[in-house]
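*Asks:* Protein chains in written order, with the numbering used here: chain G, 1 to 310; chain C, 1 to 310; chain D, 1 to 310; chain E, 1 to 310.
It does not matter which identical chain is used: a pair holds within one copy or between any two.
Okay, derived cross-link-like pairs now, SDA-like style, lysine to any residue, Cα gap no bigger than 20 angstroms in a straight line:
hint, residue 1, residue 2
1, Lys66, Gln103
2, Lys142, Asp29
3, Lys296, Leu231
4, Lys192, Asp278
5, Lys192, Asp302
Keep in mind the hints are simulated off the structure, nothing from the lab.
Given next are the chains, with one letter for each unit.
Number of protein chains: 4
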Amino acid sequence: MRHFIIDCDTAEDDVASIFMLSKYGMKLDAVTIVEGNVSFQQQITNALWALEQVGYKDVPVFPGSKRPIVKNFSTVEEVHGKSGLGEITPSSKRKPENKHAVQAIIELSHQFKGELEILAISPLTNLALAYLLDNTLPERIKKVWIMGGTAFSHGNITPVAEYNFWVDPDAARIVFNAGFNTTMVPWDVVIKYTIDDNEWNQIKNMRTRLSELYVKMFSHYRQYDKEVQKLDGHPHPDLLTTAAAINPEITEITKKEYVVIDNSDSLTRGMTLIDHFDSDRPWSNSPNTEIVYSIKKEILLDMIKKMLSE
Amino acid sequence: MRHFIIDCDTAEDDVASIFMLSKYGMKLDAVTIVEGNVSFQQQITNALWALEQVGYKDVPVFPGSKRPIVKNFSTVEEVHGKSGLGEITPSSKRKPENKHAVQAIIELSHQFKGELEILAISPLTNLALAYLLDNTLPERIKKVWIMGGTAFSHGNITPVAEYNFWVDPDAARIVFNAGFNTTMVPWDVVIKYTIDDNEWNQIKNMRTRLSELYVKMFSHYRQYDKEVQKLDGHPHPDLLTTAAAINPEITEITKKEYVVIDNSDSLTRGMTLIDHFDSDRPWSNSPNTEIVYSIKKEILLDMIKKMLSE
Amino acid sequence: MRHFIIDCDTAEDDVASIFMLSKYGMKLDAVTIVEGNVSFQQQITNALWALEQVGYKDVPVFPGSKRPIVKNFSTVEEVHGKSGLGEITPSSKRKPENKHAVQAIIELSHQFKGELEILAISPLTNLALAYLLDNTLPERIKKVWIMGGTAFSHGNITPVAEYNFWVDPDAARIVFNAGFNTTMVPWDVVIKYTIDDNEWNQIKNMRTRLSELYVKMFSHYRQYDKEVQKLDGHPHPDLLTTAAAINPEITEITKKEYVVIDNSDSLTRGMTLIDHFDSDRPWSNSPNTEIVYSIKKEILLDMIKKMLSE
Amino acid sequence: MRHFIIDCDTAEDDVASIFMLSKYGMKLDAVTIVEGNVSFQQQITNALWALEQVGYKDVPVFPGSKRPIVKNFSTVEEVHGKSGLGEITPSSKRKPENKHAVQAIIELSHQFKGELEILAISPLTNLALAYLLDNTLPERIKKVWIMGGTAFSHGNITPVAEYNFWVDPDAARIVFNAGFNTTMVPWDVVIKYTIDDNEWNQIKNMRTRLSELYVKMFSHYRQYDKEVQKLDGHPHPDLLTTAAAINPEITEITKKEYVVIDNSDSLTRGMTLIDHFDSDRPWSNSPNTEIVYSIKKEILLDMIKKMLSE
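Isolated chain G (complex conformation) (with noise of 0.2 angstroms):
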């Protein structure tokens, strides 16, 4: 059984990360929040919420970092709606963890030593803290697969950065410094595959109980990226991601590479820089993630069908 703990600025695609776990039967210890897209009460609440549709009511909630580390921060209901779920307006009777995501991080790092897995499909606070607490975290975690960065910098949130390695540069930067096992998504690579309109009408016409709430959770978020990123549909940056953790088959075209982040206050703050020699460069350096930079459509795409089939 593989061990999953999901670290969630939570919004809809977040949520769709949930509902796959359930459905490919990984056994989620914990779910994480940390600050990105919307407030960060309404983030908890939407956890709680997604854990609830689909039989993980038992899972924790652990509440994380408010804020980035250095950096100064702002969410963006714009562009995932004000509750973070589109049409959605979540709820929930149970309650947050009293206790913080990153001694949390630490502990089922003991727990399930060399077993845990972490989708860091949020900006990397929660993880780089952890690390910061605890320098041989890195020992014990398995794998962290990374939504993040950009494969060329083709970027969402300023023309060059994708949003969560440019909300917190730093928690980015120490993360690929620290000595994690990585797999990275890049945002650029993510915007390939997009949901278009018939695969879109498609899913609506599923008329499933959790069908009817990937279209409601989706309808503000696939309109902003038309409408503003200019894509012909929406992606899947997160539920990508998560899909490559449950399904090693998804993954086409991966690279071993060096990556540092810029945390300047430039105009290059959150790039990823990559290192795509294998010879000496200034700076250049040993490989220290996996980028990915190509998947397999269909099978995501049956991934999604199958996750949204009950």
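The hints should help you fit chains C, D and E onto chain G, whose structure is shown.
*Replies:* The following block gives chains C, D and E in isolation, referenced to the frame of chain G:
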């Protein structure tokens, strides 16, 4: 009774600060250790040894961060001698606590809410991490006494940066932005109050147990300061800060100003940027710290002599 | 008749560009020399020699800037061979002009107002200085064809920066902000169109005077590109840019975008930052250049073969 | 006879410098104009007008750079009044020369090789460009007297940066690296020598032609300095520099130190970074300028009164 935590990268002047706290009857609730002057294990040993010299043998020592938040790190044994205590090779049978310094700081802030003062006389990593894990920490801390930075851009580790802020400029930036009630004692103020040859000889001639420890502890540092820093004696950055905390009459000129720490990777890494304006200028802002610009040296000397009198 | 200035740090591919301009009957009004690939004096000699090979023996050569505007500088003989021309050791009896390149550029811009095109296939120092001395220069220049930068942050001198922009990022930043009508040919587009082994052998078998010079000139660079840049042949950054200037049919996909060059002293020095948005984002801006994203390789090959046919 | 160029962004204190050069019989070979305090055309007019007030009516005025090398730019009429000369609205029938200041500087450096002194009391763009066009310029210049920067990071345009260096930090960085023989008069030294109310009244009571011009010219600036810079009078940054050039006895404490100017786009833009060490430290380097730390105010006052005596 006043409650203190002393946050140490335990070299000779940190030890002197412990001596002075004891002499003046301050309640020392914890010593927390942070990366800095010499090896982490040595710093723990030094703290345990120091506490035993002055009747603080039950004060717990909490190991904290072994590295800066983002930057790379190396120690400076050339300044303080291999042990950090000059000619002394300390040892102790006591063990440090099995709890992280950051957790200890947060717990003590609740236990002595509104009463706890922190002597932050080292890189600010522990304090920054404590704040990052609990953003309400500043509300419960009475005062943070910070040894670090510069008032006139006259540094020691680089031409323009002081060691404590330079080692972890991100931590320093975080702490000054966090809303703590702080007083800052800058390096280029401290060095106006060196122990000159005459005063050094007076201390030598005291021939008490502690004055003899003092001479052995400071001889290496004194030589370094004279030869490399081109000072006419050795200064007391940490001890002067501790004295200012104990005895408000020692400070002469102070100003409340806005301070921001440069955390770039450029020539200005670790610089203290001070807004001396009270009118509108680019990045001008409201005061966030009280800077000590001058002290009364005779009070400092009296306090040192009293401290060494046994 | 079209009027050109070619701004050279004269190595093998600059020379090839001179050959092609001649073959296609372009009026070459001046060659200007700028710091870059090899020693400044060598670059002058190379230019004088190249002009004599193709009936441009009266074209004046103007020495320009010997150094970048702000950054330090060193040449890259390891890439181009000691002379910059591989196996060839050129010489010439002609002398360069006793007038600075910058002054020549400004004067020619008046003489051929609205007609002059500049092949800027080297660090952009001369062009930037000409603009700084005469802010109205862009109004009189028909087009600047720029070889430099990247489209996908895939560099050659550092992992993320291309040599020409990296050598003088300040000059590049100035030129892109100056209001010139520019077309930019990026390194990571250029390397999609290398001369492979089959094509290299075809050229070898031409056995004309110029094809034999070509083989001698490019053999060193070809080996470097294969061994260090891990390419499957040698690319033609300068020559491809020149071909695009001569023959618009060679370009396939181009986009007008906003480009700003990173001139920091950090890992991102010399990076090409491209705004691909046409919606509002931090630092998004109106297009200031046309970027070439793909060309038709068969046209390039035909033009090279024609160029070498005598 | 001493030969001077004065490089002006002609406001009231530049004009006073012209007056003083004249009074002390200095040969003024050229006035060069550079972007700065007020509109470029106004600065030319101000210079032509000023020269006519003191028998310099044949001194040529050369327009130079209208903008900083890299940074964006705006003028500061709020400091100097709309004309730059407080209550005075100057005019002149003379025209500036039809030659760029940079070319004039280079030509004069040959004509008066080893004798020419430059009063660089404005942003350093012209001087930097002259160096960039002719890297041998510093060998022929006897001395550059620079008004600009800070000695203690106490700025005027930002909390930590002085206006002249802040406007064009790239130019300042270039000039300090170029190998000129320089003396630098920092802003935070200059403001120790303000004209207080008593001295202002003494000048008012002189009732000479030039003292009356002086009062009209400085009244606006004086008010600004008192209200916004919180000074107790107005300082004479340019005039003090000119006085130091004319009369070496005015300087009291000077040190030869290494200076580098921060040209980043961050909070430290335009900062003067001084290496006060003469031992090994990161980026420590050999002295490249003589910094004036104190002057004799009574000599300054005497020189001002003499200057205004007619």
